[in-house]
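Peer 1: Residues per chain are reported as follows:
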Amino acid sequence: MAEKIKINSLVPPTWNRLKVNDITVELPLGSVPAVSAAETNGKEVDPSLWQIETGCGKELTDFLEKNGTVPIFIKTDGEKLFSIKKKYDKNSADILCFEAKEGETLNILTDMTSEDETECTAILKVLIKAGKNSVVNLSQLVRPGKGMKVVSDIGSVAEEGAKINMIQVFMDGSDISTGSRTALIGENSVAENRVGLVRTNGQTLDMNYVMKHLAKCTVANIDVTGALSKNAQKIFRGTIDFVSGCTGSDGAEAENMLLLDNTIVNKTVPLILCTEESVAGAHGATIGRPSEDIVFYMMSRGISKAKALQILERASLEAAANQIDDADARDYVLGIIAEKYVGD
Amino acid sequence: MSEEKTYVEDINRTIYDVIDDDSDAFKLEEGLSEDIVLQISKEKDDPDWMRDFRLKCLKIYNELEIPNWGPGVDGLDMDHIYTYVRPNAKMSNTWDDVPEEIKNTFERLGIPQAERTSLAGVGAQYDSELVYHNMQKQVEDQGVVYCDFESAIKGEYSEMIRERFMKLLPPTDHKYNALHGAVWSGGSFVYVPKGVKVSVPLQSYFRLNAKGAGQFEHTLIIVEEGASLHFIEGCSAPKYNVANLHSGSVELFVAKNAKLRYSTIESWSKNMYNLNSKRALVEEGGRMEWVSGSFGSHVSYLYPSTILKGDNSSMEYTGIAFANTGQNLDTGMKVMHLGKNTSSVVSTKSISKGGGINTTRTSVQVMPDAQGAKSIVSCESLMLDSLSKSDTIPVMDIRTDDADVGHEATIGSISDEAVFYMMSRGLSEEDARALIVSGFADNVSRELPMEYAAEMNNLIKLEMKGTIG
Chain W
2 MAEKIKINSL VPPTWNRLKV NDITVELPLG SVPAVSAAET NGKEVDPSLW
52 QIETGCGKEL TDFLEKNGTV PIFIKTDGEK LFSIKKKYDK NSADILCFEA
102 KEGETLNILT DMTSEDETEC TAILKVLIKA GKNSVVNLSQ LVRPGKGMKV
152 VSDIGSVAEE GAKINMIQVF MDGSDISTGS RTALIGENSV AENRVGLVRT
202 NGQTLDMNYV MKHLAKCTVA NIDVTGALSK NAQKIFRGTI DFVSGCTGSD
252 GAEAENMLLL DNTIVNKTVP LILCTEESVA GAHGATIGRP SEDIVFYMMS
302 RGISKAKALQ ILERASLEAA ANQIDDADAR DYVLGIIAEK YVGD
Chain V
19 MSEEKTYVED INRTIYDVID DDSDAFKLEE GLSEDIVLQI SKEKDDPDWM
69 RDFRLKCLKI YNELEIPNWG PGVDGLDMDH IYTYVRPNAK MSNTWDDVPE
119 EIKNTFERLG IPQAERTSLA GVGAQYDSEL VYHNMQKQVE DQGVVYCDFE
169 SAIKGEYSEM IRERFMKLLP PTDHKYNALH GAVWSGGSFV YVPKGVKVSV
219 PLQSYFRLNA KGAGQFEHTL IIVEEGASLH FIEGCSAPKY NVANLHSGSV
269 ELFVAKNAKL RYSTIESWSK NMYNLNSKRA LVEEGGRMEW VSGSFGSHVS
319 YLYPSTILKG DNSSMEYTGI AFANTGQNLD TGMKVMHLGK NTSSVVSTKS
369 ISKGGGINTT RTSVQVMPDA QGAKSIVSCE SLMLDSLSKS DTIPVMDIRT
419 DDADVGHEAT IGSISDEAVF YMMSRGLSEE DARALIVSGF ADNVSRELPM
469 EYAAEMNNLI KLEMKGTIG
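If you're matching them up, the sequences are chains W and V in order.
Everything in the first sequence is counted per the working numbering, starting at 2 for the first residue and increasing by one.
Everything in the second sequence is counted per the working numbering, starting at 19 for the first residue and increasing by one.
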């Protein structure tokens with residue numbers, strides 16, 4: 002049995018005819034956990050203790066509750082990289098919770114993949130509490146096989162002086178929906194979302210990132226780099242929300258999209274919401290085909306045009322992957338990218 | 019020159035708020051019904067097709083929902099809106115024939131003076147009907163047509179109008195387009211023949227005087243191949259303690275290599291629901307320029323849109339919105355690139371103070387055949403206090419690789435350093451802030467004729483009063 006729900010809702014919405022206000026996804030009930038408490042040394046926790054708003058939104062939270070998905074709280078081993086690498090073979094749904102206590106640093110890596118012939122839906126929700134002056138580095142690699150649908154949802158809360166670095170790399174494969182919402186509740190807290198993406202062969206990527214500035218002198222950045230080709234479709238919703246009282250805060254979102262042919266649909270919705278006077282918010286987007294000068298230069302060095310475009314596509318992923326703070330996680334993600342573009 | 023400046027600088031809010039006695043005006047009953055629509059049609063002596071069209075629009079209006087994405091319009095109760103108010107005046111082409119009280123109102127607004135000094139023609143609408151329409155003879159001799167819409171619909175250009183009326187803005191677009199189609203009254207028709215360049219602007223001014231009334235004027239402008247025109251629209255109303263409604267419609271047709279600039283200074287009263295629609299269709303090599311200043315109204319929905327249909331067509335939008343206490347201004351623009359090598363340049367600015375709400379909503383769509391399209395959008399917002407709200411909601415929908423699209427948005431407050439510097443040079447804090455805000459709006463005022471730029475700057479000064487302390 003499956004249920005249709007709306008996720009990634011734009012708040013506030015805009016013109017309905019543009020079809021960017023939300024996305025409807027069909028998710029299977031009866032999805033089982035892909036990650037067990039035993040394998041992660043985690044423990045099941047009461048969902049009421051982890052009521053953190055996420056990017057995908059309430060309908061996904063309600064769906065997971067209806068599905069009976071129980072959150073697992075995972076205690077990581079200090080700064081040591083905690084990795085969850087899953088090759089999915091059935092409909093799965095997980096809620097993973099992490100908490101960085103005062104002054105702690107957490108390094109987390111998730112890798113979601115599947116065989117091309119596997120038909121399944123994978124839902125992964127990650128909840129993060131970043132305590133005072135803590136650092137949480139979350140790296141997500143999503144490289145689904147052709148038959149796998151992915152819903153990746155994140156909700157996080159940053160207390161005073163905390164820093165949350167989130168890096169997502171979306172490689173081609175199949176349709177992905179992703180959302181992330183960070184509540185900057187403590188003064189001087191910082192959140193960075195960096196995304197590298199490649200979509201091709203009719204694949205879609207639906208994104209909704211929300212940065213909520215709730216305290217003074219908070220900083221948020223959303224940075225999306227990617228490449229689209231062959232009937233691919235992408236929606237990027239980014240919201241910088243300055244709430245009254247967040248004096249001295251700074252929020253920025255940037256997007257750099259390469260459009261590699263004439264069949265793509267690239268939608269960008271970068272919101273800045275503001276009820277505070279003393280803040281600075283900015284958005285910049287550059288969308289278009291690769292510079293002819295760069296492609297020509299590469300061709301003049303003996304690289305075919307197709308290969309030149311592939312190099313630029315790979316660079317879109319590596320631009321995000323290179324920002325991963327933990328060396329092991331970074332090497333792992335860069336290695337997977339290199340494997341994909343073997344022969345470059 | 020000094021005389022021109024004098025009458026503009028003398029403008030203050032009281033001239034907008036003067037209420038004329040409307041006891042001798044003819045009003046249809048409040049509300050919206052088939053009977054009221056038919057009465058309006060009868061008043062207008064509509065041709066059959068227009069009467070049928072009105073009824074069709076009423077049906078669509080009743081079927082469509084209120085938009086679910088914009089500011090609330092709960093305070094707007096159509097059962098208590100007079101959709102048709104005819105002043106006790108016939109349309110004239112000399113101000114001397116306009117009734118004294120109405121003429122005085124337009125005098126206070128500076129319309130006859132502006133006509134004498136800097137306009138090629140003027141249309142003045144009072145409530146639901148035009149009371150004055152005139153154009154300079156030398157412009158008329160060039161073949162330019164500028165007349166009230168009702169005359170045009172029955173005259174020489176009736177077929178041309180019938181082919182275009184509410185084709186760019188169909189009643190199915192949204193509920194208030196449908197409302198407009200059902201009860202429209204007044205407005206202007208402009209036709210600029212091939213190759214004719216009208217060097218001096220035409221202006222239509224819309225004054226809504228009656229309490230609880232709606233104004234639904236229709237403006238249709240055709241600028242033929244190689245021709246050019248600057249059209250100015252102004253609007254105001256006195257303040258009442260009940261809702262007034264403005265739901266005008268502007269359809270602009272810019273032919274091959276033609277150019278049209280459409281400038282608006284809107285200073286509706288703060289009980290006004292301004293649910294207005296404007297759209298331009300631009301053919302090959304044509305150019306559309308919008309200059310928009312939104313200062314009044316309680317709630318505004320206003321997004322001039324442009325369809326760049328022809329290859330090498332272009333548009334430029336320069337707009338500013340100033341929201342103060344009790345105002346929720348949802349403004350912006352839309353552009354759709356259809357032709358090859360089309361370009362759009364957009365600059366929006368918003369200023370929020372005293373609890374005012376500004377939402378800047380933009381949409382740039384580049385369709386698959388629009389190879390070589392270029393678009394740059396800049397949204398700047400200035401917050402003058404923390405009681406106010408300023409949201410920027412842009413959408414870019416790009417469907418070709420051969421497009422160069424840029425967007426930038428910034429939001430911030432007035433720099434304390436800049437204020438301090440100016441105060442150190444002898445300016446008061448209030449004047450320093452007003453000067454910075456005027457500078458912020460400078461790119462809009464530079465695009466307006468001097469008299470209107472001065473009026474806009476004056477409005478900003480008025481809105482800034484009381485900022486300090």
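Incorrect hints may have been included.
Only some residues are given here: those of chain W computed to face chain V with a beta carbon under 7 Å [to be verified]:
1) D251
2) N263
3) T269
Covered stretches of chain W (in silico footprint by chain V; criterion: 3 or more residues with CB under 8 Å from a CB of chain V, positions within the stretch not fixed) [unchecked claim]:
4) 139-152
5) 184-198
I should point out that these hints are in silico values taken from the structure, not numbers from a laboratory.
All residues carry an ideal CB built from backbone N, CA and C; glycine is no exception.
Peer 1: Look at each hint and say if it fits the structure.
Peer 2: Going down the list of hints, with the structure as the test:
{"no.": "1", "hint": "D251", "in the structure": "violated, 10 Å"}
{"no.": "2", "hint": "N263", "in the structure": "holds, 5 Å"}
{"no.": "3", "hint": "T269", "in the structure": "holds, 4 Å"}
{"no.": "4", "hint": "139-152", "in the structure": "violated (count 0)"}
{"no.": "5", "hint": "184-198", "in the structure": "violated (count 0)"}
Of the numbered hints listed earlier, those contradicted by the structure are 1, 4 and 5.
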